[in-house]
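Residue strings, one per chain:
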Amino acid sequence: MNMAKINPDFAEEIKKYGAQDFNACYNCGNCTAVCSMTDADNSFPRKIIRYTSLGLEGELQTSVEPWLCYYCGDCSTSCPRQADPGNLMMSVRRYLVAKYDWTGLSKKLYTSKVWELGAIIFVALIVLLLFILYSGEMTTELTTEGGVKLNTFAPWQNVEILDWSMAGLLSFFLLSNIVNMFFKIVLKRKDVKVPLKLYFTELFNILFHFFTQWNFSKCNAEKKSFWEKIKSGEYNYWLIHLFLMTAYVTMFIMIVGFLGWFQTDNVYKWYHPQRLLGYYATAGIITGIIYFAILRIKKIIEKSKKTHFSDWTFLILLFLTAFSGILLHFFRIYGMPYATYYTYVIHMMILIPMLIIEVPFSKWSHLAYRPFAIYFSRLIIEAKKIKK
Amino acid sequence: MCSKCLSGKKYNEVKMKERIGVYICHCGGNISDYVDVEQLSEMMKDEDGVVIAKNVMFACADSNQKEMINDIRDKNLDSIVVASCSPKLHLHTFRGVAQRAGLNPFNYVQVNIREQCSWPHSDHPLDATKKAVGLIRAGIKRVARSKALENIVIDAKKAVVIVGAGVSGMRAAIDLAKMGNDVFLVEKDFFVGGRVAQSGELFMTNQKGKQLVEQLYNEIKSLNKITLFTGATLEKISGSLGNFNVSIKIKPRFINEKADEKLLNQAISECSVEVPDVFNYGLTRRKAIYKNYPEALPDKYVVDAEALKNEKEFLKKFSSCIDIYQPDETLTLNAGSVLVTTGVDTYQPEENEFGYKKLNGVITLPELKRLMELNPETLIYNNKKVRSVAFIYCVGNRQSKGKNKYCSRFCCTSTIHTSLQLKEKYKDVRAFHFYRDIRTYGKQEILFEKSSKQGDVYLRFDEKEPPVVEMNGNKLVVKVKDYITTKKELELETDLVVLVTGMVSRSDSSSLAEILKIPIGNDKFFNEIHPKLKPVETVIKGVFIGGSCQGPKNVSESVQSSLAASAKINALIKSGRISLDPIVATVDKDICVWCGKCAEVCEYDALKEIKAEGKNIASVNMASCTGCGICAPVCPVDAIQIAQYTNDEIESMIDGFMQKIELKEKSGEEEVQAEGAVTMKEYPQIWKQILQSINEKPKTIPEISKELEINNDLVTYHLMTMNKYSIVESAGLDKKETYHLYKQKN
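Chain order of the listed sequences is Y and A. Going by the working numbering, the first sequence opens with residue 1, and the numbers climb by one from there. Going by the working numbering, the second sequence opens with residue 1, and the numbers climb by one from there.
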């Protein structure tokens, strides 16, 4: 029996994740009609709003539609009741992140500012403790090139251990959450069974969408050519997001995979890849953050009009990481030892908590959930086609 | 059975009209496009008695009306025939013309050559013209025999009986009294206010029903032209417009008016007999000495004699103030008009309809409203606090396969308004609406938006798959297939299920309809004459209906309706005299032998036996007679005729039809325009050309078009029309198998 139970209390709970006005929805379907991402296989956002209003958590947790939305905001602009479906979809994404997480930490981070701040401070203090206990000498001696001997204070081999443990923890939680997501979206479906072959043939989707965020191009489906849209600035959000993403990925690979090479005491020429890549990463992150922050402060586009505290946490932490990183770099190459050491510690006290908390348990998880969601959705669509 | 044989009277005893004016209308093409009005006007000049015959573009136009008046005066016409549209449109216009020109308005006859000629026969213009000849000749013959008639004037009593003192009746009473009429307000219950008194807060103003009733009652009390009878019912009515005799029966309150108030209060407090309270739909019990509610008006107690009749000791003790043997009173009221505002009952769900009366926690919307009024602080039902309410809409209404096919109009708004009140009064109550459609029309739409915004959940079901209410353990559960969540089966636990029941006609409405002789519809609501043009009048002259007894309405609409009726009534009787159309039956007293057959068939009781000049004959009550004509054919001696439809006139019309008709053919071929709109006149020409062409050999449309040098589209249009009327048919496909060949059909 396909009977689902109505849960009227859920409406109050979802409000903690940001959405306030969805109750005004009277199911006209304008939002779904105007949405450029919805299609016959996956209908949204009205269905998701309906599930939310009725409190059908089971349906919500097994749906992939929230991840197929890229928050262009057309639905909210066209809603005749100002029910803000776009914001509801965003809130459902936060809710789903909280549900995929089996530890329960994510829910606390999203619904309580105290927990969010507390968790960050907690991890930061652990990092500080590690530095107090295990850091090397704060030597004022400079290198032959005039740079600070950073690796005396914080030998990259030791830091690498910290980095790898962090990366390991992060991956463990994130991957287990993805498995949870997989169970809910794909395996729990009774109407379709995915043949093994499809798991391989659709695999490319994960990396493709991870690196390109190609679906952004489908948002705001006006009848203009690709280049016209770039020229008119419609793809700005996407391009800046790509900039930010590639910047962060570059930096992440360098500090996790090539820390010895990256955290060097040598002071290379400005055009040396170690410096150039660093500058690229910094430029990407800072540009992106400032762009997104301005959008949120000025509430320029629809998706930036409603901000949850988790949005600010993300922006602020990333900005401070990049900012402290660039300060650190300049202190080091211009031979300011104490400034370098203290900035280094502060940099780590921001970076580690950000990675451990934001990636598996909070907003940053979208880097994994989104590409996998597309992958899962393709699995189901292709499986249905085969079934026919 | 013609008049010649029986009556001995000759055909032409009536003074014939000899100076007749005939006006044939083009109607801007509506008539003249099909009927040859020019030829007709020429022909009619030769008819007996016709002085002038004209064809005019628009007979009803001001300019033509003026011209007609001038013609009548200049040429000394004594009667006119207007051949144009249906009399439903301009009968009164041309009667007015006749009057202004000094003619009797009944020396004018309307001939319908549009709805009954040019329009239905647009495909046979020649035959239409022939028919028009017959119709106009008949009209001319008829008007030649027309009699000058005067309106019938009767006295009218400036008093009105209003049946039902609900909000509609009371409001109408106030206006009628203020306009100078006496009003007898007859209410069946012992207290006024009807349904409005039972409703708590009303939409859109949130005013309490009780307050509205009190306001109206106080105003009624202040106007001494209004007499209120409570506990009173209509028993019989006789007479007619202007002079009705209405007998009412008044049930007693069984309380001695002169009794000591303290003693009565003692009786009330000592009264131990309690019965289910009908006013609160059985939710509470009331004593046998009661008022509907503490502030009920009139402010007098009533004794439920049925309940107390076995309490011998009690009755003996309080015999000075309670007397259950008080008799009924009967009164006859004399009034010029009657207004029926008896209102409605609410639909009572069947046993186990959505669990009603079977499961604990299923009530109707009116019951909920009583519950809310009786529980101002916390909503409690069956000793349990109510935290969630599930409304199921359209119960007992919109039954496509049931008795009540209609929608009751007010209930969507009332339910949503109630839901808003629930949230306002009881803060943490949740509301769920299981609906089929939401009809918060007009300015009431605002309530729907407010309800959504406050978190009410709406679920839509289809009539075929209504929600199912059942018990799950000790929890009430509603299951439904939700059409706005992809027809998913959903389940809701709730404390209370409220069935939104609509209005049904009162159980006593059929007996009232029989007494008043007003028609009642299949849905048992009283019928008006015309829903748009005469919404408050009934076929009985002088009997009006207003408010929800005519059909489901909300309070505002009910009051509008009864006020409309009060204005009409006042207009009718304010002068003390009423002028009626003289199209009534007339009895020839020389011929009538009073067999009684006419009185038997008359629906309006307009025929009575009287003694006149030594013999018994039939007499027509001209106020009641509607001129329907059913009495005329049943009279075995042909003594009854209807004014303007006398045997003379009708027989002469038949003669007019039977005359031979000779029409002149239209001479010469006209140049046919290939472009532009084609008028009906040109049809025959193009058709002739096409037929000539395809009679040589079957051709396709492009070939015909090329040959005749007529536009392709035009040829297609005409050929398809001819095909439709079976004048041409297809003769297969052409060589390239792209076009059909056409030939004339035999």
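A few of these clues could be false.
[Claimed, not checked] The list that follows gives simulated cross-link-like pairs (lysine-lysine, DSSO-like), each with its CA atoms no further than 27 Å apart:
| # | chain 1 | residue 1 | chain 2 | residue 2 |
| --- | --- | --- | --- | --- |
| 1 | A | Lys453 | Y | Lys5 |
| 2 | A | Lys488 | Y | Lys384 |
| 3 | Y | Lys190 | Y | Lys5 |
Derived by calculation from the structure, the hints in this document are not laboratory data.
How the hints compare with the structure:
no., hint, result
1, A:Lys453 x Y:Lys5, "holds, 22 Å"
2, A:Lys488 x Y:Lys384, "holds, 20 Å"
3, Y:Lys190 x Y:Lys5, "holds, 18 Å"
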